[in-house]
Amino acid sequence: MKLDRYELKSDDQLTTFDFLSEGTKGKIEKLIQFSAVNQDNLFNLAFGDRNALTGDIDDSIVTDNGDSEKVLATVVAAIYAFCDRFPEAWIYATGSTATRTRLYRMGINKYFEIAEADFEIFGQTQNEWERYRKGKDYQAFVIQRKKT
Amino acid sequence: MKSILELNDKKVPVVRVDKSLNKYSGVVLFPEKVEKARQAFEKLGVPELKKHSH
Chain Y
668 MKLDRYELKS DDQLTTFDFL SEGTKGKIEK LIQFSAVNQD NLFNLAFGDR
718 NALTGDIDDS IVTDNGDSEK VLATVVAAIY AFCDRFPEAW IYATGSTATR
768 TRLYRMGINK YFEIAEADFE IFGQTQNEWE RYRKGKDYQA FVIQRKKT
Chain C
129 MKSILELNDK KVPVVRVDKS LNKYSGVVLF PEKVEKARQA FEKLGVPELK
179 KHSH
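If you're matching them up, the sequences are chains Y and C in order. Under the working numbering, read the first sequence as residues 668 to 815, first letter to last. Under the working numbering, read the second sequence as residues 129 to 182, first letter to last.
Just so you know, not all the hints are guaranteed correct.
Once the Cα atoms are required to be at most 30 Å apart in a straight line, the calculated DSS-like pairs of lysine-lysine come out as [as the list claims (entries may be wrong)]:
#	chain 1	residue 1	chain 2	residue 2
1	Y	Lys-803	Y	Lys-813
2	C	Lys-147	Y	Lys-803
3	C	Lys-171	Y	Lys-694
4	Y	Lys-692	Y	Lys-813
5	C	Lys-147	Y	Lys-801
6	Y	Lys-692	C	Lys-171
7	Y	Lys-676	Y	Lys-692
Here are a few chain Y residues that sit away from chain C, every Cβ distance over 10 Å (derived from the structure) [what the hints assert, rightly or not]:
#	residue
8	Arg-672
9	Lys-676
10	Ser-677
11	Lys-692
12	Asn-718
13	Ala-745
14	Gly-774
15	Ala-807
16	Thr-815
These aren't lab readings, by the way, just hints derived from the structure by calculation. Glycine residues also receive a C-beta, built at the ideal position from the N, C-alpha and C atoms.
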């Protein structure tokens, strides 16, 4: 299945990506970053809006630009690109609020069958990782590209 | 040779390198999220694929 997504730009290392969301509130620059987390192959995934006036990056803002599915598909595309370069990476992701985390979960649920074919997907409970199950609430998610 | 449209249909997208983004190399844009990730990996490690195999 081909999802509509925005054109991605990235730095040399394929760790920071940039794209332009175009929706009901105009054009909004978004940045996606995969940051190393102390140990080899552990990364955090986060994304947010770039304030056109201050240049600050904000991952807590609710943009509501009417293109959330296209934004999500673009973030997923960035994950594929990143994993192509770092195939052993474990990627952690969580929302800046419980509501945002729930939104991510809804996105995973919607495309779970497609995602599961390409990625190992786990959810974080209080005390462990468990294989992601649709409909269950998680604090965070961690994924790794499946070996072909 | 594959056309750009064919390439864009692939799951791994065509990504244009923009050297202006290199300014973010080594800069953590979302430090609170990275700290959460660090704590989670420190507490739980990484998932064991064998233990969790289908």
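Okay, the hints, checked on the actual structure:
1. Y:Lys-803 to Y:Lys-813: 22 Å, holds
2. C:Lys-147 to Y:Lys-803: It is violated: about 41 Å lies between the C-alpha atoms, which goes past 30 Å.
3. C:Lys-171 to Y:Lys-694: Between Lys-171 (chain C) and Lys-694 (chain Y) the Cα gap is close to 40 Å, so the pair fails against 30 Å, i.e. violated.
4. Y:Lys-692 to Y:Lys-813: With a Cα-Cα distance of about 37 Å, the restraint between Lys-692 (chain Y) and Lys-813 (chain Y) is violated, given a limit of 30 Å.
5. C:Lys-147 to Y:Lys-801: Violated, because 39 Å separates the two Cα atoms, which is more than 30 Å.
6. Y:Lys-692 to C:Lys-171: Given pair Lys-692 (chain Y), Lys-171 (chain C) is violated - Cα atoms ~41 Å apart, limit 30 Å.
7. Y:Lys-676 to Y:Lys-692: Holds: Lys-676 (chain Y) and Lys-692 (chain Y) sit about 22 Å apart, inside 30 Å.
8. Arg-672: Non-interface label fails for Arg-672 (chain Y): nearest chain C Cβ at 7 Å, not farther than 10 Å.
9. Lys-676: 4 Å, violated
10. Ser-677: At roughly 5 Å from the nearest Cβ of chain C, Ser-677 (chain Y) sits no farther out than 10 Å, so the non-interface label is violated.
11. Lys-692: Its Cβ never comes within 10 Å of chain C, the nearest being 22 Å, so this holds.
12. Asn-718: 12 Å, holds
13. Ala-745: 8 Å, violated
14. Gly-774: Correct as stated: the minimum Cβ-Cβ distance to chain C is 16 Å, above 10 Å.
15. Ala-807: 6 Å, violated
16. Thr-815: 12 Å, holds
The structure is inconsistent with the numbered hints 2, 3, 4, 5, 6, 8, 9, 10, 13 and 15, although it conforms to all the rest.
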